[in-house]
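Below, each chain spelled out in residue letters.
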Amino acid sequence: MKHISRRATLASFLCSVALAGAAAPALADCGIASGRVSIVGNEFPAIKSVAAKAAECAIASVQIKANLTADHQKINLPGMQGNPAEYTTAIVATSSIVALLNGDVVRPLDDLVAQHGADIPARQLITIDGRIMAVAFMANSQHLVYRQDVLAQVGVEPPKTYEEMIEAAEKIRAAGIMQNPVGGAYAAGWNLAQEFVNMYLGQGGEFFEPGTARVAINNERGIAALETMKALSAYMNPDFLTHDSNATSAEWEAGNVALMNMWGSRTGRLMDAEGSTPEVYENTRVGAPMTVGGGSIPATTLWWDGWTVAKNISDEDALATFLAMKHGTSPALLNDKTMGEAVWMIDGYVPAEVNEGVLQTMAMGARPYPMLPYMGLLHTALGDNIADFLTGKEDAATTLADIEAAYTAAAREQGFLN
Amino acid sequence: MTRTADRRAPALQLVLTAFLVLWLVVAAFPFLWTAWGSLKVEGDFFSKADWVNALTGPLTQVETGGSFTGAGYHGAWVQEDFWRAALNSGIVVVCVVCISLTFGTLGGYALSRSTYRYAFWLLLMALVFRAMPPITLVSGYLLPFYQWNLWGHLPTAIIVLVAINQPFTLWMLTAFFRNIPRDLDESARVDGCTPFQAFRHVIIPVMWPGVITTGLFSFLLAYNDFAVTAMLLSKENQTMIPKIASFLGTTQTKGNVMFAVSSVVSVTAPLFLLVIFFQRQIVSGLTAGAVKG
Amino acid sequence: MKHRTFLWFFLPTATAMFLFIALPVASVLVQSFYAPHEQVIREVENCTVFGCTKSTTIDQEATRALREAEPLGRFIGFGIYADRNHLAFAEVARAWRASSGWADFRGRLLNLPFYGALAFTLSYTAVVTPFSILLGFVVALAVNAIPRLMRGPMIFVSLLPMIVTPLVGALILFWMIDARGILGAALQGLAGDPGLSVKASTPLMWAALMVYGIWSTTPFAFVVYYAGLQTVPQDTLESAMIDGASRWQRIRYVLLPHLLPLTTFMALIKIMDNFRVFEPIVSFNAGAHAQSLSYFIYSDLGGETRLLTSAAATSVLTIAGVIVLLSPVLLRTWRTFGKASA
Numbered sequence: 016m017k018h019i020s021r022r023a024t025l026a027s028f029l030c031s032v033a034l035a036g037a038a039a040p041a042l043a044d045c046g047i048a049s050g051r052v053s054i055v056g057n058e059f060p061a062i063k064s065v066a067a068k069a070a071e072c073a074i075a076s077v078q079i080k081a082n083l084t085a086d087h088q089k090i091n092l093p094g095m096q097g098n099p100a101e102y103t104t105a106i107v108a109t110s111s112i113v114a115l116l117n118g119d120v121v122r123p124l125d126d127l128v129a130q131h132g133a134d135i136p137a138r139q140l141i142t143i144d145g146r147i148m149a150v151a152f153m154a155n156s157q158h159l160v161y162r163q164d165v166l167a168q169v170g171v172e173p174p175k176t177y178e179e180m181i182e183a184a185e186k187i188r189a190a191g192i193m194q195n196p197v198g199g200a201y202a203a204g205w206n207l208a209q210e211f212v213n214m215y216l217g218q219g220g221e222f223f224e225p226g227t228a229r230v231a232i233n234n235e236r237g238i239a240a241l242e243t244m245k246a247l248s249a250y251m252n253p254d255f256l257t258h259d260s261n262a263t264s265a266e267w268e269a270g271n272v273a274l275m276n277m278w279g280s281r282t283g284r285l286m287d288a289e290g291s292t293p294e295v296y297e298n299t300r301v302g303a304p305m306t307v308g309g310g311s312i313p314a315t316t317l318w319w320d321g322w323t324v325a326k327n328i329s330d331e332d333a334l335a336t337f338l339a340m341k342h343g344t345s346p347a348l349l350n351d352k353t354m355g356e357a358v359w360m361i362d363g364y365v366p367a368e369v370n371e372g373v374l375q376t377m378a379m380g381a382r383p384y385p386m387l388p389y390m391g392l393l394h395t396a397l398g399d400n401i402a403d404f405l406t407g408k409e410d411a412a413t414t415l416a417d418i419e420a421a422y423t424a425a426a427r428e429q430g431f432l433n
Numbered sequence: 522m523t524r525t526a527d528r529r530a531p532a533l534q535l536v537l538t539a540f541l542v543l544w545l546v547v548a549a550f551p552f553l554w555t556a557w558g559s560l561k562v563e564g565d566f567f568s569k570a571d572w573v574n575a576l577t578g579p580l581t582q583v584e585t586g587g588s589f590t591g592a593g594y595h596g597a598w599v600q601e602d603f604w605r606a607a608l609n610s611g612i613v614v615v616c617v618v619c620i621s622l623t624f625g626t627l628g629g630y631a632l633s634r635s636t637y638r639y640a641f642w643l644l645l646m647a648l649v650f651r652a653m654p655p656i657t658l659v660s661g662y663l664l665p666f667y668q669w670n671l672w673g674h675l676p677t678a679i680i681v682l683v684a685i686n687q688p689f690t691l692w693m694l695t696a697f698f699r700n701i702p703r704d705l706d707e708s709a710r711v712d713g714c715t716p717f718q719a720f721r722h723v724i725i726p727v728m729w730p731g732v733i734t735t736g737l738f739s740f741l742l743a744y745n746d747f748a749v750t751a752m753l754l755s756k757e758n759q760t761m762i763p764k765i766a767s768f769l770g771t772t773q774t775k776g777n778v779m780f781a782v783s784s785v786v787s788v789t790a791p792l793f794l795l796v797i798f799f800q801r802q803i804v805s806g807l808t809a810g811a812v813k814g
Numbered sequence: 051m052k053h054r055t056f057l058w059f060f061l062p063t064a065t066a067m068f069l070f071i072a073l074p075v076a077s078v079l080v081q082s083f084y085a086p087h088e089q090v091i092r093e094v095e096n097c098t099v100f101g102c103t104k105s106t107t108i109d110q111e112a113t114r115a116l117r118e119a120e121p122l123g124r125f126i127g128f129g130i131y132a133d134r135n136h137l138a139f140a141e142v143a144r145a146w147r148a149s150s151g152w153a154d155f156r157g158r159l160l161n162l163p164f165y166g167a168l169a170f171t172l173s174y175t176a177v178v179t180p181f182s183i184l185l186g187f188v189v190a191l192a193v194n195a196i197p198r199l200m201r202g203p204m205i206f207v208s209l210l211p212m213i214v215t216p217l218v219g220a221l222i223l224f225w226m227i228d229a230r231g232i233l234g235a236a237l238q239g240l241a242g243d244p245g246l247s248v249k250a251s252t253p254l255m256w257a258a259l260m261v262y263g264i265w266s267t268t269p270f271a272f273v274v275y276y277a278g279l280q281t282v283p284q285d286t287l288e289s290a291m292i293d294g295a296s297r298w299q300r301i302r303y304v305l306l307p308h309l310l311p312l313t314t315f316m317a318l319i320k321i322m323d324n325f326r327v328f329e330p331i332v333s334f335n336a337g338a339h340a341q342s343l344s345y346f347i348y349s350d351l352g353g354e355t356r357l358l359t360s361a362a363a364t365s366v367l368t369i370a371g372v373i374v375l376l377s378p379v380l381l382r383t384w385r386t387f388g389k390a391s392a
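Protein chains in written order, with the numbering used here: chain U, 16 to 433; chain S, 522 to 814; chain W, 51 to 392.
A couple of the hints might just be wrong.
As the list claims (entries may be wrong) - Quick list of simulated restraints, FRET-style, between CB atoms:
1) S:S708 with W:Q284: 16 to 26 Å
2) S:Y637 with W:S149: 47 to 57 Å
3) S:W669 with U:I312: 42 to 52 Å
4) W:I373 with S:R605: 38 to 48 Å
As the list claims (entries may be wrong) - From chain W, some residues computed to sit far from chain S (all C-beta separations above 12 Å):
5) I126
6) R230
7) W256
8) T368
Calculated from the structure, these hints are not laboratory results. Beta carbons are placed, not taken as given, at the ideal position from N, Cα and C, and that holds for glycine.
Produce the complete structure using the sequences and hints provided.
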């Protein structure tokens with residue numbers, strides 16, 4: 016990895032920043048003369064840390080506030096459409112930046128990066144059509160989580176493909192260790208759609224005809240993806256369609272499950288001593304994401320979280336926001352407490368064992384979640400229809416046709432299709 | 522006061538009591554279960570292995586060394602400053618109830634005493650307004666509220682909750698006011714009272730059962746509201762329910778469910794006192810005055 | 051009451067409702083006839099830490115001119131109401147022509163999202179409304195019969211299903227009906243089937259949602275009836291007893307007529323609320339088994355790309371549905387209105 020050397024050279028720099036931070040935590044000099052910074056974003060520990068770090072830039076003439084909430088996606092667009100916008104920056108992910116791009120409420124950051132952001136590593140910059148639209152600071156993905164002891168008991172290696180996963184599940188069931196050894200966030204809606212996205216990409220599928228909004232999932236790859244999901248679900252708890260990632264993790268901690276595809280951001284909590292017995296947490300291991308159907312790219316998606324700067328604000332506020340967020344996601348953010356909160360893309364990050372899965376996903380060349388203007392519409396259509404196939408109400412072809420029809424109606428409404 | 526009309530045959534009394542006990546169990550069991558479970562760790566209360574764990578708490582024993590733990594309460598109230606949200610909720614609830622009832626009693630009284638058809642149409646329109654799903658309303662508010670700098674403040678959420686609740690309040694109070702004999706205020710008018718004086722001196726003293734009941738629903742609506750408060754309040758003005766929602770975690774990160782459980786349990790105690798206090802109002806208000814008057 | 055007096059009494063509530071409900075309702079109605087402009091899509095290359103990919107984006111410059119010319123969007127009339135995700139006229143006609151019989155047509159119809167959701171919504175409304183009102187009435191009668199000192203705590207306990215926020219209440223009940231939860235295990239014992247799982251079966255999930263609906267809305271009927279019972283004129287009851295009326299006759303001829311306006315009111319409110327059901331579906335993660343109109347609105351507004359026109363159209367359809375359902379009650383109110391106030 017090329018940023019290892021950079022990490023070494025940064026070590027001395029890091030120490031000095033950390034000291035400065037420790038001496039005067041609330042008075043970090045971010046080089047902001049004046050302006051208003053207002054952050055909107057999701058609410059979880061990593062983002063809270065970023066917002067708290069950015070808030071250190073507050074001085075008499077610089078006002079900084081943050082509104083972190085699980086409903087951020089519902090309020091960030093209206094909150095940035097006004098002029099001046101209420102929020103000067105939105106912390107978004109791979110999928111949620113699309114709504115802001117569609118609404119044309121975020122500004123290109125090329126000038127700001129050129130003048131004030133020379134120290135932001137190039138890999139953190141998200142460019143769309145050659146223009147920098149966001150600065151990423153953390154990565155996430157779904158990957159294999161397995162129980163070392165259970166796999167050893169039936170004598171199989173951690174699965175590398177979904178086919179091997181099903182074989183291993185059959186062996187565990189046959190050995191009478193667990194009745195339903197496979198877990199997965201298959202709750203109807205967003206989670207279930209995400210699993211299809213994973214599986215379909217793993218089959219080498221493309222969601223749309225290139226360059227258009229015409230959906231193209233009604234093909235043998237789509238059917239194969241659905242069939243694999245159904246085959247897996249036969250080894251899951253019968254309630255799988257109601258299990259979101261919270262419920263799936265609870266199943267894991269109860270020791271009911273030995274194999275699952277799970278978010279890297281949740282593995283830390285699975286491997287700690289809380290909520291589980293030593294037998295479970297000591298044997299929980301993470302592995303690389305699996306492939307499917309003989310494909311070479313893993314059946315999973317890569318996600319980043321990053322920050323944007325609003326369009327409808329004064330240049331002064333934009334500069335203040337840029338500098339504050341740059342400080343919020345600078346190497347100074349990383350300390351003992353924040354280090355384990357995410358897979359940071361920030362220089363100075365030292366991955367722990369639990370983060371291996373996400374790093375391997377990146378190394379294996381998994382595809383990022385598609386950043387297309389109409390992907391959200393397809394995701395909703397998938398989430399609303401796939402359950403009918405998994406409950407056996409419909410065959411795969413009918414389900415895919417339903418998804419296409421639901422998506423097409425929505426895309427027509429939004430003006431993506433005629 | 523003896524209530525001869527309520528004296529019942531022993532057999533019937535028995536059936537009613539048995540039914541009441543059954544209802545008591547059905548209504549209270551989930552809450553009692555929650556109150557008990559709030560003193561355990563998440564792995565026990567939401568055990569996916571065996572529900573008996575929620576009673577015995579083997580993991581609580583392992584993780585905390587005791588049979589009970591106050592970690593959920595400590596986490597919510599001390600670590601996460603839940604009191605701030607409780608305070609905001611208190612402000613919102615008191616304001617919503619007072620304003621709702623003031624607007625509602627005036628409007629409801631007028632509607633119940635009007636003999637014109639438009640009163641019916643107004644009631645009907647209020648009902649149609651109420652049919653609009655609140656999520657649609659709230660997402661419609663966002664853009665203008667941001668534009669006019671109204672977003673995020675407690676008064677905004679309060680007035681929106683009052684407005685959303687008005688159709689219900691109006692219907693309920695109109696129904697109650699219809700039950701107050703018309704002769705009461707009409708005789709006051711004959712005695713030379715203005716309409717408002719008649720309302721003030723004759724209706725207000727006898728309206729309490731209806732108003733307290735309506736107030737109870739305004740209270741519960743404001744207290745339990747999620748759609749409006751989650752979307753219209755900024756972080757520092759957040760009320761309890763959005764705060765509790767934020768304990769539950771997201772798809773990609775685990776939350777502190779026990780914080781949510783213990784918050785819910787701990788805010789129920791003041792409600793108990795409130796209900797005990799106001800149930801006397803419901804009973805003592807009565808129509809006794811109306812009948813004698 | 052004179053118009054002028056009426057106006058002054060009614061003004062505060064009218065202002066609040068006009069500003070925060072009537073205006074938004076009007077804007078939602080307008081919104082449902084306009085859709086976003088056609089979007090000009092351009093192929094671009096996006097680069098992230100995960101490498102560069104071919105992608106598309108909206109050409110904002112090309113779309114801006116369109117937006118400024120017609121800020122409301124393009125007018126589509128009833129286009130969204132008629133499309134596949136709503137009333138689906140074309141698809142219903144096609145299903146009718148292609149189907150081999152009633153059962154086949156029914157299957158095809160219920161596969162369309164709007165009609166599938168309508169089926170659940172109507173069943174839910176039809177079951178939960180009468181049961182919760184009836185149960186509430188009986189509880190109110192029972193509580194009214196116990197000694198006064200006990201009533202306060204009894205009222206509180208009866209209110210608990212309403213007091214505990216659905217957010218957490220549903221979460222706990224959802225866990226309880228799990229196959230390994232206390233209620234789920236009890237059900238398995240009763241049915242004698244250790245493999246029984248409420249969450250895996252569509253009929254059981256419907257039943258669970260309905261039971262939750264009844265449980266959580268009974269307190270409402272209880273409190274309204276309890277307050278209503280306090281206003282029953284005691285002298286009428288007593289004179290009925292002196293006249294030798296039996297218990298049932300007293301309930302039938304004194305209590306019920308007295309409580310009728312409250313019952314009408316409750317039926318109106320409950321039908322409306324039940325028709326808009328969606329919180330339990332979300333809290334129970336029941337989207338795979340049951341969907342409702344409000345659930346569609348929630349998913350239209352909560353997705354990555356918000357479908358405002360679709361949400362507006364579904365909202366208008368919800369209002370229309372509520373009006374149709376309520377029309378019998380409303381007609382009755384209309385007829386008695388003059389009499390009651392005369």
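Each hint, compared with the structure:
A hinted range of 16 to 26 Å holds for the C-beta pair S708 of chain S and Q284 of chain W, which are about 22 Å apart. A hinted range of 47 to 57 Å for the beta carbons of Y637 of chain S and S149 of chain W is consistent with their spacing of about 52 Å. The hint said 42 to 52 Å for the Cβ distance between W669 of chain S and I312 of chain U, and at roughly 49 Å that hint holds. For I373 of chain W and R605 of chain S, the hinted distance range of 38 to 48 Å is satisfied, since their beta carbons lie about 42 Å from each other.
With a minimum CB-CB distance of about 19 Å to chain S, I126 of chain W clears the 12 Å threshold, and the non-interface call stands. For R230 of chain W, the condition that its CB be more than 12 Å from all CB atoms of chain S is violated, with the nearest at approximately 6 Å. Taking the minimum C-beta to C-beta distance to chain S, about 20 Å, the non-interface status of W256 of chain W holds against the 12 Å cut. Once the 12 Å rule is applied to beta carbons, T368 of chain W is inconsistent with being away from chain S; the minimum gap is 6 Å.
Violated hints, in rising order: 6 and 8; the structure is consistent with all others.
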